[in-house]
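With the sequences and hints as input, model every part of the structure.
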Amino acid sequence: MPPDIEAIAEQVFVALADPSRRALLSELAAAGPATGTELACRLPITRQAIAKHLALLTEAGLVIAEPGERRRVRYRLRSAPMRVAQQFLAALARDWDGPLVALQQHLDKLEE
Amino acid sequence: MGFPDRIERTVELKQAPARVWTALTTAEGLAAWFGDTATIDLRPGGSARMTFGEEHVANMRVERVDEPSAFGFTWHIFGLPEEDPRRTYVEFTLEPNGNGTRLKVVETGFAQLSEEAYKVAFDGNTTGWASELGELVTYLDAA
Chain A
1 MPPDIEAIAE QVFVALADPS RRALLSELAA AGPATGTELA CRLPITRQAI
51 AKHLALLTEA GLVIAEPGER RRVRYRLRSA PMRVAQQFLA ALARDWDGPL
101 VALQQHLDKL EE
Chain B
113 MGFPDRIERT VELKQAPARV WTALTTAEGL AAWFGDTATI DLRPGGSARM
163 TFGEEHVANM RVERVDEPSA FGFTWHIFGL PEEDPRRTYV EFTLEPNGNG
213 TRLKVVETGF AQLSEEAYKV AFDGNTTGWA SELGELVTYL DAA
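Going down the list, the sequences are from chains A and B.
Mind the numbering: the first sequence is residues 1 to 112 in this note's numbering, read in order.
Mind the numbering: the second sequence is residues 113 to 255 in this note's numbering, read in order.
Honestly, the hints are just simulated from the structure, not real lab data.
Hints should not be assumed to be uniformly reliable.
To give an idea of the interface, some chain B residues facing chain A are shown, with a C-beta separation under 7 Å as derived from the structure [said to hold, decoys possible]: (1) 116; (2) 125; (3) 127; (4) 154; (5) 155; (6) 156; (7) 157; (8) 177; (9) 190.
The C-beta atom is built at its ideal place from N, Cα and C for all residues, glycine as well.
As structure tokens, then:
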């Protein structure tokens, strides 16, 4: 595993810790690439705050800035870092303690 | 490194390995403690399937059958898209412990993003839906 994997996961979790950034990512995931102005119209976040959050998300590799028509920059979601973080969550979500207790109880019940 | 690749648990059971083996490797046994329903074709390469509630299905591939000491299977990594081919490997080992069994479960492969796979995932992202939709447009235009 490359050493930067954990750094990538960390950036994802930092990005998701903020409600405005979650809203931006959700909007890009749901509706596709958009400019900062479009995002400001659709979300209850100021244009300045959007610019700041998009800069952080771009830095983290979670969105990519693409030149669009009339030199307007469009932002697009990049899902690869999410998949890195997903693997970390998968290990946490794989609950073996519950099933093993259930196994123990099942076997004890058979004995009775 | 705080990124877990492996989950390991050991549980002491009062029952003998043969009894525990039945609970781990039969449809009836699995449905009694693990899934809500279960089917299993108990041979290496065989398929097994469990359902959890209405929505969750676990499709497993049996990898190791050494009765009554080791049972292994692979399954999909929780949270990844269904079509993602990456899987974790789960192995149960049963060791006699007095009259009972020491059961160990080890699941490995959570951090299996190799540098190559990682790079593919990362770089491949520039394609994704954009290119899929582009291909669809090209295909429709050509028709």
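Margin query: Restraint: residue 154(B) near chain A, CB-CB cut 7 Å. Satisfied or not?
Written below: violated, 17 Å
Check: Under the criterion of a CB-CB separation shorter than 7 Å, is residue 155(B) in contact with chain A as hinted?
Finding: violated, 22 Å
Next item on the list: Double-check residue 127(B) for me: the hint is only fine if its C-beta lies closer than 7 Å to a C-beta in chain A.
Entry: Cβ of residue 127(B) sits 5 Å from chain A, so the hint holds.
Check: Can the hint on residue 190(B) be confirmed by a CB-to-CB distance to chain A that is less than 7 Å?
Finding: Since chain A brings a Cβ to about 5 Å from residue 190(B), closer than 7 Å, the hint holds.
Checklist line | Interface restraint verdict for residue 177(B) against chain A (beta-carbon cut-off 7 Å) | finding: violated, 18 Å
Notebook entry, point to check: Was the hint right that residue 125(B) lines chain A, CB cutoff 7 Å?
Noted result: holds, 6 Å
Next item on the list: With a cut-off of 7 Å on the beta carbons, see whether residue 156(B) makes it to chain A.
Entry: violated, 23 Å
Item checked: Restraint check, 7 Å cut-off on beta carbons, for residue 116(B) near chain A -> Interface hint status for residue 116(B): holds (4 Å vs cutoff 7 Å).
Item checked: Given hint residue 157(B) near chain A, where the shortest CB pair must fall under 7 Å -> violated, 23 Å
In terms of the numbered hints stated before, the structure departs from hints 4, 5, 6, 7 and 8, listed from lowest to highest.
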